[in-house]
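Visitor: Knowing the structure of chain B, use the given hints to seat chains X and E on it.
Here's the letter readout for the chains.
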Amino acid sequence: MNLDGLLEGLGHATAAALATLVDGDLDGDGDAAITGIEALQWAKGGDLTFIGDARHARLWAESAASVALVDRELDLGDWARPGRAVVRVDDADQAMITVLESLDEVARAGRDAPAVGVHPTASIDPTATVGDDVAIGAGTIVGPRTVIGDGVSIEAGVRIHADCTIGRGVVIHASVVIRERTMVGDGSILHAGVVLGSDGFGYRPSPDGRGIRKIPHLGHVEIGRDVEIGANSCIDRGKFGATSIGDGSKIDNLCQIGHNCRIGRCVVISGLTGIAGSCTVGDGAMIGGGCGIADHLRVGAGARLGARSGLMHDVPDGETWAGFPAHDIRQAMKEFAVIRKLPDWSKKLKELLEPS
Amino acid sequence: MNLDGLLEGLGHATAAALATLVDGDLDGDGDAAITGIEALQWAKGGDLTFIGDARHARLWAESAASVALVDRELDLGDWARPGRAVVRVDDADQAMITVLESLDEVARAGRDAPAVGVHPTASIDPTATVGDDVAIGAGTIVGPRTVIGDGVSIEAGVRIHADCTIGRGVVIHASVVIRERTMVGDGSILHAGVVLGSDGFGYRPSPDGRGIRKIPHLGHVEIGRDVEIGANSCIDRGKFGATSIGDGSKIDNLCQIGHNCRIGRCVVISGLTGIAGSCTVGDGAMIGGGCGIADHLRVGAGARLGARSGLMHDVPDGETWAGFPAHDIRQAMKEFAVIRKLPDWSKKLKELLEPS
Amino acid sequence: MNLDGLLEGLGHATAAALATLVDGDLDGDGDAAITGIEALQWAKGGDLTFIGDARHARLWAESAASVALVDRELDLGDWARPGRAVVRVDDADQAMITVLESLDEVARAGRDAPAVGVHPTASIDPTATVGDDVAIGAGTIVGPRTVIGDGVSIEAGVRIHADCTIGRGVVIHASVVIRERTMVGDGSILHAGVVLGSDGFGYRPSPDGRGIRKIPHLGHVEIGRDVEIGANSCIDRGKFGATSIGDGSKIDNLCQIGHNCRIGRCVVISGLTGIAGSCTVGDGAMIGGGCGIADHLRVGAGARLGARSGLMHDVPDGETWAGFPAHDIRQAMKEFAVIRKLPDWSKKLKELLEPS
Numbered sequence: 006m007n008l009d010g011l012l013e014g015l016g017h018a019t020a021a022a023l024a025t026l027v028d029g030d031l032d033g034d035g036d037a038a039i040t041g042i043e044a045l046q047w048a049k050g051g052d053l054t055f056i057g058d059a060r061h062a063r064l065w066a067e068s069a070a071s072v073a074l075v076d077r078e079l080d081l082g083d084w085a086r087p088g089r090a091v092v093r094v095d096d097a098d099q100a101m102i103t104v105l106e107s108l109d110e111v112a113r114a115g116r117d118a119p120a121v122g123v124h125p126t127a128s129i130d131p132t133a134t135v136g137d138d139v140a141i142g143a144g145t146i147v148g149p150r151t152v153i154g155d156g157v158s159i160e161a162g163v164r165i166h167a168d169c170t171i172g173r174g175v176v177i178h179a180s181v182v183i184r185e186r187t188m189v190g191d192g193s194i195l196h197a198g199v200v201l202g203s204d205g206f207g208y209r210p211s212p213d214g215r216g217i218r219k220i221p222h223l224g225h226v227e228i229g230r231d232v233e234i235g236a237n238s239c240i241d242r243g244k245f246g247a248t249s250i251g252d253g254s255k256i257d258n259l260c261q262i263g264h265n266c267r268i269g270r271c272v273v274i275s276g277l278t279g280i281a282g283s284c285t286v287g288d289g290a291m292i293g294g295g296c297g298i299a300d301h302l303r304v305g306a307g308a309r310l311g312a313r314s315g316l317m318h319d320v321p322d323g324e325t326w327a328g329f330p331a332h333d334i335r336q337a338m339k340e341f342a343v344i345r346k347l348p349d350w351s352k353k354l355k356e357l358l359e360p361s
Numbered sequence: 006m007n008l009d010g011l012l013e014g015l016g017h018a019t020a021a022a023l024a025t026l027v028d029g030d031l032d033g034d035g036d037a038a039i040t041g042i043e044a045l046q047w048a049k050g051g052d053l054t055f056i057g058d059a060r061h062a063r064l065w066a067e068s069a070a071s072v073a074l075v076d077r078e079l080d081l082g083d084w085a086r087p088g089r090a091v092v093r094v095d096d097a098d099q100a101m102i103t104v105l106e107s108l109d110e111v112a113r114a115g116r117d118a119p120a121v122g123v124h125p126t127a128s129i130d131p132t133a134t135v136g137d138d139v140a141i142g143a144g145t146i147v148g149p150r151t152v153i154g155d156g157v158s159i160e161a162g163v164r165i166h167a168d169c170t171i172g173r174g175v176v177i178h179a180s181v182v183i184r185e186r187t188m189v190g191d192g193s194i195l196h197a198g199v200v201l202g203s204d205g206f207g208y209r210p211s212p213d214g215r216g217i218r219k220i221p222h223l224g225h226v227e228i229g230r231d232v233e234i235g236a237n238s239c240i241d242r243g244k245f246g247a248t249s250i251g252d253g254s255k256i257d258n259l260c261q262i263g264h265n266c267r268i269g270r271c272v273v274i275s276g277l278t279g280i281a282g283s284c285t286v287g288d289g290a291m292i293g294g295g296c297g298i299a300d301h302l303r304v305g306a307g308a309r310l311g312a313r314s315g316l317m318h319d320v321p322d323g324e325t326w327a328g329f330p331a332h333d334i335r336q337a338m339k340e341f342a343v344i345r346k347l348p349d350w351s352k353k354l355k356e357l358l359e360p361s
Numbered sequence: 006m007n008l009d010g011l012l013e014g015l016g017h018a019t020a021a022a023l024a025t026l027v028d029g030d031l032d033g034d035g036d037a038a039i040t041g042i043e044a045l046q047w048a049k050g051g052d053l054t055f056i057g058d059a060r061h062a063r064l065w066a067e068s069a070a071s072v073a074l075v076d077r078e079l080d081l082g083d084w085a086r087p088g089r090a091v092v093r094v095d096d097a098d099q100a101m102i103t104v105l106e107s108l109d110e111v112a113r114a115g116r117d118a119p120a121v122g123v124h125p126t127a128s129i130d131p132t133a134t135v136g137d138d139v140a141i142g143a144g145t146i147v148g149p150r151t152v153i154g155d156g157v158s159i160e161a162g163v164r165i166h167a168d169c170t171i172g173r174g175v176v177i178h179a180s181v182v183i184r185e186r187t188m189v190g191d192g193s194i195l196h197a198g199v200v201l202g203s204d205g206f207g208y209r210p211s212p213d214g215r216g217i218r219k220i221p222h223l224g225h226v227e228i229g230r231d232v233e234i235g236a237n238s239c240i241d242r243g244k245f246g247a248t249s250i251g252d253g254s255k256i257d258n259l260c261q262i263g264h265n266c267r268i269g270r271c272v273v274i275s276g277l278t279g280i281a282g283s284c285t286v287g288d289g290a291m292i293g294g295g296c297g298i299a300d301h302l303r304v305g306a307g308a309r310l311g312a313r314s315g316l317m318h319d320v321p322d323g324e325t326w327a328g329f330p331a332h333d334i335r336q337a338m339k340e341f342a343v344i345r346k347l348p349d350w351s352k353k354l355k356e357l358l359e360p361s
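Protein chains in written order, with the numbering used here: chain B, 6 to 361; chain X, 6 to 361; chain E, 6 to 361.
It should be emphasised that the hints constitute simulated quantities derived from the structure, not laboratory data. Everything hinted at is true.
Copies of the same chain look alike in the list, so a pair counts if it fits in one copy or across any two.
Restricting the straight-line Cα-Cα distance to at most 20 Å, the calculated cross-link-like pairs of lysine to aspartate or glutamate (EDC-like) are: (1) Lys339 / Glu359; (2) Lys219 / Asp109; (3) Lys219 / Asp252; (4) Lys219 / Asp288; (5) Lys346 / Glu356; (6) Lys219 / Asp191; (7) Lys49 / Glu67; (8) Lys339 / Asp349; (9) Lys49 / Asp36.
If we strip away everything but chain B, and leave its shape as in the complex, we get (with noise of 0.2 Å):
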């Protein structure tokens, strides 16, 4: 990408500059200049780029790129032209952010989001409270004794309905629906498209066996503080009781998380991943892409998903499973292994195993 001035606007447009950012060791030409920033198969002149591991370092040589921020036991080669530079970090995960981060910051000068105040078209309910330095966009409706913290940002045609809590710094994107009751801790950030707090899907036959009967769900939703919602997707509401998130944790877009689940702390979830009601996720879980978990389970602290596990039994802390039932991983690929040569054997284990 082409910073649009970005860079030049920090004043660190050189590889110099950006060691003393980083704190990093400059290794070349200091006044290498840095015009973008771009991953190393696409880069060009003019290009930053970042280097974590041996397979990316052995293309830097080649690359068109000038600079690169390098983990600093990486061996690059032999690479050195006039204009071209690199800069040895510990972490050159942890410094690519803490550019973006900076870089971040002078782009937000001139984000779209609505300006503070409320817009004249939104409707904010008499009751309600609304904090200091808050932005609520064209179209939004806050409903009765809602309470909106200090410095919240609220896009435009957001509906947040009555006795909710919206914490500090929460920042909500354009047509996320709130529903009754929920709270948002300070710092978290909802996706365009969020639905927070719709009812729980839950039924019971009829008692007259002839229909379906539907269980009202008057619970609500808690999320925590620095939480992240991704696009569209959906959080329900308890039966009773809340369905919560907890602090630090990360939603993908297009998540499903039933009534009643409870998320601990820092757990990060992968898109499209469905959670079915009254499931507890330990802290610092990791559930990747795609994965389904029934009812009632139990996924341990630390204990990590695979993409696309369907889970049927609980998971204890720490364990890393996967496939369908999931279970152990170590497991799941030694089955995947062994199914890959059945039908090298098939005609044989015919042979012996079937009468003829």
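Guide: Below, chains X and E alone, put in the same frame as chain B:
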């Protein structure tokens, strides 16, 4: 959860009053006060809880909860203490719904739905017809010739296109989009972010072989009575003719129903399930979460699909299938069991079957 | 479906007129009247239907339908009755699209899209540029410096952020959210609830090891020409640089495309598919419904992934893969077949392989 005066409002804040409400048999202290409602594992003093199986029954004696609604035949052990009571009923699940329904009725009075009438920022086409006691929220748009039945409640930011028919008492949550000619039956509920009647996903190679030609979709969507559709779910219009959902069916969040599907009555479809075009699902079928059904298939009446099934063949009436490709669940379970043993067997199998 | 005068409006309400429209050969009663259009299994008298394979051809003789568009080589048996006709063409599918397109053109006149002009409740930033013949619906917000091309149609409740470029003739349905710097090529269609340019899902452990550090996402989304994106699908912005979708590609409902993916031209991606970050998909690839693709993988040009594939390795050009972990579909099918036999074999295998 704390009931915030709801139970008091109903005047049955004691075990004795509860027994009257659900027509159950009181055992223990009829004056035991109910101040909250919670699942057994989270319940505190003053809470009402529900016990429908032996596993929970064993936990009751040690629980802090004050009152329990209990299936009549369960053995609760030695639980009696002052201020505690149980109410025995034939079916604790159904009694629980009765309790929640009466609370819900009280809650409804304070619910944050649009007031009856058309919000000044809503826009109703002059050729649309709006029934009695209809509530239409801020910024909602209703298109030409659309008919809105009596008692309908439509939230803020909803878009209903031309020539739709919305039945009596339908509830439409915020940010729902309903495309042209959609019909929604009496009493149905559309949760936030639902999209009805978007174009089906149909293409052919273009005649010159160099691109993709879109099949225009002129059909529509027909939703029966008492249907519930979960947040951010999508039901596509037919190519020609209808995509239909039968009376009483319940669809969870983030589901996709393809063009020209015909879903029967009282079908239950759990979250993140996708059904491709032109499928038929019989009355009373139950489809677990995260399933996928290939196009043009038939799921029989009363059939069940286990969670995460991938269906590639028709399912006969009343059968239960699972796995991928899905087939009879008993067979699938046996396969899962044998697969678990394959890694242990693989060394000997290799010796036996592979030329050395 | 009943065509409500559409066919009459076109003046080809007879089999003979249809033959002229699609340049086909008429067989039977040229005066046979067409009053509706329906799939063969649902068709009634007066309906036009389409027959493209032998299975449907066998059903034609007994069908109530009046007129059929038929692949030239198919044997229809003894079907002739007064008031019936068939029109034979080289490709019934393509002819069907031609019929639907001409109906669609009539239907478009009565379609419920916003009128050309800016709705009084819409809000266009003074620095935005709006082309000729643009329609912008109620409550829609367009941010600073965004450029809207000629002939664009934007529905109600859409939020387009700053610095976007929307090409000529683009159609944007209700409740779509388009974040900063997104580019959408000419003629593309974004269905209701689509979110373009939300932050990518990228984190690292925080340096103190006690939390999660968000990677700022400064990149953007680039959508080519004639792309169609289904309802409630999400395409995340790049970390830096673009997430891109090539010309002519079609993405179904509820799909997730991760940050920095590069999707080629004329790629077809079916519903509920998730593609993790930094993947490359070659031109003309076809990805079935419910697939998952792990990050940084490459799907070759013209490759195909069967429905519900879970991809963990690169797919070479032109290959067809399936299963989980996905691999060559012929191998996968053989494995499925052997797995079906394992339960029958398991007792003998156990005797043979396990020490007694």
